[in-house]
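For chain X, the structure is supplied; the task is to place chain L on it using the hints.
From first to last, the protein sequence lines stand for chains X and L.
Take the first sequence: its position 201, counting from 1, is numbered 201 in the working numbering, and each next residue is one higher.
If you want the working numbering, it's the 1-based position in the second sequence plus 1000.
If you are wondering where the hints come from, they were derived from the structure by calculation, not from laboratory data.
Nothing here was measured: the structure is a model prediction, and the numbers come from that model.
In this text, a Cβ means the ideal position worked out from N, Cα and C, and glycines have one as well.
Treat the hints with caution; some may be incorrect.
[Claimed, not checked] In silico EDC-like links for lysine to aspartate or glutamate, alpha-carbon gap of 16 angstroms or less: (1) L:Lys1183 x L:Glu1226; (2) L:Lys1084 x X:Asp173; (3) X:Lys185 x L:Glu1102; (4) L:Lys1084 x X:Asp171; (5) X:Lys191 x L:Glu1089; (6) L:Lys1183 x L:Asp1203; (7) X:Lys191 x L:Glu1226; (8) X:Lys225 x X:Glu145; (9) L:Lys1183 x L:Glu1034; (10) L:Lys1032 x L:Glu1184; (11) X:Lys271 x L:Glu1089; (12) L:Lys1183 x L:Glu1154.
[Stated by the list, open to error] Some chain L residues near chain X, calculated using beta-carbon distances under 10 angstroms: (13) Leu1087; (14) Gly1100; (15) Glu1102; (16) Ser1121; (17) Leu1157.
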Amino acid sequence: MDRKKREAPKGLSPERAAYLRRKKTRRRWVLCCQWGILLLLVALWEILARLGVIDSFILSQPSRIWRTWITLFLEGELWLHLWVTVYETLVGFLLGVLLGVGLAILLWWSDFVSKVSEPYLVVLNSLPKIALGPVIIIVVGAGTEAIIFMALAISLIVTVLEMLGGFRRTDRDAIRMAATFGATKSQIFRKIVLPSNIGTLFGSLKINIGLSLVGVIAGEFLVSKAGLGYLIVYGGQVFKLDLVMASVIILSAVAALMYQGVVLLQRLVMKHKY
Amino acid sequence: MDLLRVQDITESYQAENGEIFALDHICFSMEKGEFLSIVGPSGCGKSTLLSIIAGLLPPSSGTVLLDGQEVHGVDPRIGYMLQKDNLLEWRSIWRNVLFGLEVRRQVNEETTARAKGLLQSYGLWEFREKYPSQLSGGMRQRAALIRTLATSPEILLLDEAFSALDYQTRLTVTDDVYRILKKEQITTIMVTHDIPESISMGDRVLILTSRPAQVRELLEIDFGPERTPLTCRGDPRFSRYFDHIWKELKSDG
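Chain X with its partners taken away, still in its complex shape (with noise of 0.2 angstroms):
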């Protein structure tokens, strides 16, 4: 009746083994291939541009951007950009987790809050929240605090509903469970809701930080005096298109490390169980 899983074999079987060296060639090749694309579109970028095909003025071209880089790096201005969008992306990435964890408990816990705020988070989740932008700088001010609190406006309403959608999924009987010990709200809530959706939450995260990055970026195009978001406005004013390629290419770097590290704290925490 109990389940034994069977021990594998020492040595590998041929067959198993021409197998696994299989499926590591394949993985090779796949990665091979995703470089190999890459490499190729940026020579050819730079090919055509260098045989005037395309306009390096308005597409720019690899080699510009490569120097952009540097004199960016040299003027010490690089770290200085990345640096204050890093900031603001991660304060309002943070304030909009626990916010919005805090109103989905909420909303769990109150039946009749959830039912009478319904309409109204529709409406939020759906407006497009970059439209309050004057409203905002009106409000707190046209400086970092309008930027993060354009980036906690974008994720906040997602995450409520993502999060308060998880607990109300929550397994039913598991909560009935508890309930036969005679457990409390707030022990449903700590012993099975909250342990049962961690999943949820960095599902959540991971939309999150994303957003988060856009409402930066939107706020700075709004309101800044550094900023990667600023740099790209800047540039495209200006006509240094070099500039915002560069300021692209570096934002697209930072969105990928930061949602690679939302999923390198899931893999720690879902380690130690909890």
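Just chain L now, kept in the frame of chain X:
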């Protein structure tokens, strides 16, 4: 004196599509260590009755007396086991078994020693560090039972507790559980839709009518003192009980 008395329980509740009259003056009583099976047409309110005894649902009228005292709300002397084992996947078996004690803030040396003893007696001690997904269906069900027994209930309510298991596992698990319950001298009420199961485990079978449920019959099951759920299935009296219950249930529809 009777350990448990269910007196004149009536239950009706408001649903979206009108009032539902679930239970109609249900009465019965139980002695310590007795095993009572409850059968009835599906949807007749068997589970509602268990929820009322467990204190999860207040009755519209009537009382549940435990040791002569009326039961209000969830009572620590009553354990309740649901159809699914509901083991929490993120907890090890040991922490799952302690769950009920934890909720009741009763985790101490004495209770953990009891939980340990139960795991040892029922073959799960070596699996205490494992997670539920690493256990077979039968072991999971035993772990769920130990989680309830660890809180030392005097009365155990089983709500279709074995119906999620496959047939073979179910026969072995019911046999295991029966032995555990008799050894621990636990008074048990089991709701089931499986007539053979109700006969093989019950000292008595309470047959309910369709909704609103009334007591149709309280049938004494007698296979002698040496019975186990598996052996009594071979007894000639088994099929007579089966036919009787079947006829009672059918005449109702």
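Tested hints:
1. L:Lys1183 x L:Glu1226: Holds. Lysine 1183 of chain L to glutamate 1226 of chain L sits at ~13 angstroms (cutoff 16 angstroms).
2. L:Lys1084 x X:Asp173: Within the cut-off at roughly 8 angstroms; holds.
3. X:Lys185 x L:Glu1102: holds, 14 angstroms
4. L:Lys1084 x X:Asp171: holds, 11 angstroms
5. X:Lys191 x L:Glu1089: holds, 12 angstroms
6. L:Lys1183 x L:Asp1203: holds, 15 angstroms
7. X:Lys191 x L:Glu1226: Given pair lysine 191 of chain X, glutamate 1226 of chain L is violated - Cα atoms ~42 angstroms apart, limit 16 angstroms.
8. X:Lys225 x X:Glu145: holds, 13 angstroms
9. L:Lys1183 x L:Glu1034: Distance ~12 angstroms between lysine 1183 of chain L and glutamate 1034 of chain L Cα, so the pair holds.
10. L:Lys1032 x L:Glu1184: Cα-Cα ~11 angstroms, so holds.
11. X:Lys271 x L:Glu1089: The given pair, whose Cα atoms are some 14 angstroms apart, holds under the 16 angstroms limit.
12. L:Lys1183 x L:Glu1154: holds, 13 angstroms
13. Leu1087: Because about 9 angstroms separates leucine 1087 of chain L from the closest Cβ in chain X, which is inside the 10 angstroms limit, the hint holds.
14. Gly1100: Check passed: Cβ of glycine 1100 of chain L comes within 4 angstroms of chain X, closer than 10 angstroms.
15. Glu1102: OK, holds: glutamate 1102 of chain L within 10 angstroms of chain X, min 7 angstroms.
16. Ser1121: violated, 16 angstroms
17. Leu1157: holds, 8 angstroms
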